[in-house]
Amino acid sequence: MSTAEKTRPAERTRAVDRERKREPRITDEHGRRVRGWELALRYLLLLGVLALTIGPFLWQLSTSLKGPTEDIFSSPPKFLPSDPTLHNYERVADTIPVWDYALNSLKVAAANVVTNCVGAALAGYALARLRYRGRRVATLVFILAMLVPVEGIIIAQFTTMRELGLNNTLIGVVLPGCVSALNVLLMRNAFLNLPYEIEEAAFVDGANVWQRFYRIALPAVKGTLAVVAIFAFMGAWDDFLWPLIVLSDPSKFTLTIGLNYLHGTFANDERLVAAGTIIAVAPLIVLFACLQRYFFRGVGEGAVKG
Amino acid sequence: MASPTLTTGTPDARKGGGARRVRRQLPASPWLFAAPGLLITGAFILYPFVSTLVNSLTDRRTLVPGEFVGLANFRELLHDDMFWIGLRNSSLYVLGVVPALVLLPLLLALLVQKNIPGITFFRSAFYTPVVASIVVVGLIWVWLLDERGLVNSLLETLGASPVGFLSDQWLILLSAMGVTVWKGLGYYMIIYLAALANVPRELHEAAAVDGAGAVRRFLTVTVPAVRSTMVLVAALSSVAAFKVFSEVYLMAGPSGGPAGEDTTLVMLVQRTGTGLTGRVGYASAISVVVFAVTVVLMLLVLRADRKEEA
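Residue numbers (full-length UniProt numbering), protein chains in the order written: chain G, 1 to 306; chain B, 1 to 310.
Pulled out of the complex, with its shape left as it was, chain G reads as follows (with noise of 0.2 Å):
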């Protein structure tokens, strides 16, 4: 086990649960009482597994935080930066244009969350909710899609994008991606398990199918668009091999190709390496402490539903 685990949110959490471990009301899954030595066996392996998670996730933001002064490599290594400074984020940002591939990474996600979740529920609604003919093969057309290998189709999307002009854009970035086929499923799943009834009386009342998508439908299945919002800007912001494949231009970059970039250009220093990982990572951590309930909701439905 390493010492990452001594950190202070490990700790912090330790001291926690011992705290709560007095409490006699400790049961496992079955409603049965945890015995003592079974509960610390299991914490310690908790412990060990955090370690094992964080720890380098830790160990890179320790590493951004150490001056230029302090020595990276000791043996035995230093967990804690010695004289701590954010001089690595100003020195990231005179290096590589860091924060217009913050930018540019955003406008890539968000652009993803909206046209997905807006294309996703509308194409969802019409296989689930419509009737008409090629309903079938509508449906086909996005079930195929799931199936082909993203991989393998990179080449032919990248000729298909210079075709279009939209090579080292970003909307070229957007593009491939903005209607995700497995997204467009999930929607039409939420739709086919609302009940017919919802609808009805806003039928019998005379809505039209525009009104009955988006006045109750639609608020019906919030749940299911707030795990497309999730994935879709976690799947953007995240994504290297397309971008990388794309983008030419440096100015263009979202920050993955950008820290590539860094990592290539600047590989002697680990500090700004770490640094600019840091940034990168940082937005997503929050965003996911934030609505962590939904990822787990979201890989769920994602499993069961291939």
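Just so you know, these hints were derived from the structure itself, not from any lab.
By construction, the Cβ of each residue, glycine as well, lies at the ideal position given by its N, Cα and C atoms.
Keep in mind that the hints are not guaranteed to be accurate.
[Unchecked claim] A partial selection of chain G residues facing chain B, derived with a Cβ cut-off under 10 Å:
#1 Leu86
#2 Tyr89
#3 Asn208
[Claimed, not checked] According to the in silico footprint, chain B covers these stretches of chain G (three or more CB under 8 Å from chain B):
#4 42-54
#5 59-71
#6 95-101
#7 132-141
#8 178-191
#9 224-235
[Stated by the list, open to error] Counterexamples of contact, computed for chain G against chain B with all Cβ distances above 10 Å:
#10 Ser82
#11 Ala111
#12 Leu144
#13 Glu151
#14 Thr159
#15 Asp238
#16 Phe288
#17 Tyr294
Based on these hints, arrange chain B on the given structure of chain G.
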């Protein structure tokens, strides 16, 4: 509304009984609803898929339209050392990563299954690597596994000599596999958690009454109960592992490590197909191989599943 395109509507075919209550609509409106999704999917997924298949039979280059050459690209693949290296590495990746990703997340799910104080924190923390971008994750591990990085300085503190995780051809591949497993643990853990929630508790109780220990109960109750989830995880992770790009690209460098020996198939697609001199036709042929192997992997996993059931 979102899209003004696709105005050619299909009339609501069934006038009579079959049509449900939701029939007060313009004939074209279902297509208007589906249009944005259909257009994007058609233009940027299905059309590229078809054109990949077509291009693989041509000698198309980035700036040259190219002509039909039949199976010449595929014949050339057979004699291309780089292709075999890529196929070898992508296959090794599946063999190395999949067993770990089928088993470890299950154990992790069992660990975080009990509702003990603080468990939500642990679940979220274990999921963090999934949320982080693969580039961030890759660069963090490049730094950790650096010759003078944390792992080596810990090894040195313990008296061992430093290991060249990122300079040896095989260690690079192994390190990248480690990163893939590390990043994937949380994702599959959540899938297993959902499956474990459906295991009837009577089974565990009966086994416990019969005197089965923890290991025994894991093998006779838990594993059979989540077997179909294990198959799902095996399918998802093997397809993903075969298409590995970012981890190896970041840890071995764009040219794929010493003498390109760590190149994977998707890295090869990216390297040969892009740029001004990109061989689009040839890269498409490699992509077709990637499709084919992916399909075969899925079929193999599903077949194994059915066999065990029979």
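A quick look at each hint next to the structure:
{"no.": "1", "hint": "Leu86", "in the structure": "violated (19 Å)"}
{"no.": "2", "hint": "Tyr89", "in the structure": "violated (15 Å)"}
{"no.": "3", "hint": "Asn208", "in the structure": "holds (7 Å)"}
{"no.": "4", "hint": "42-54", "in the structure": "holds (count 9)"}
{"no.": "5", "hint": "59-71", "in the structure": "holds (count 3)"}
{"no.": "6", "hint": "95-101", "in the structure": "violated (count 0)"}
{"no.": "7", "hint": "132-141", "in the structure": "holds (count 6)"}
{"no.": "8", "hint": "178-191", "in the structure": "holds (count 4)"}
{"no.": "9", "hint": "224-235", "in the structure": "violated (count 1)"}
{"no.": "10", "hint": "Ser82", "in the structure": "holds (16 Å)"}
{"no.": "11", "hint": "Ala111", "in the structure": "holds (13 Å)"}
{"no.": "12", "hint": "Leu144", "in the structure": "violated (7 Å)"}
{"no.": "13", "hint": "Glu151", "in the structure": "violated (4 Å)"}
{"no.": "14", "hint": "Thr159", "in the structure": "violated (6 Å)"}
{"no.": "15", "hint": "Asp238", "in the structure": "violated (4 Å)"}
{"no.": "16", "hint": "Phe288", "in the structure": "violated (5 Å)"}
{"no.": "17", "hint": "Tyr294", "in the structure": "holds (12 Å)"}
Hint compliance for this structure: hints 1, 2, 6, 9, 12, 13, 14, 15 and 16 are broken, all remaining hints hold.
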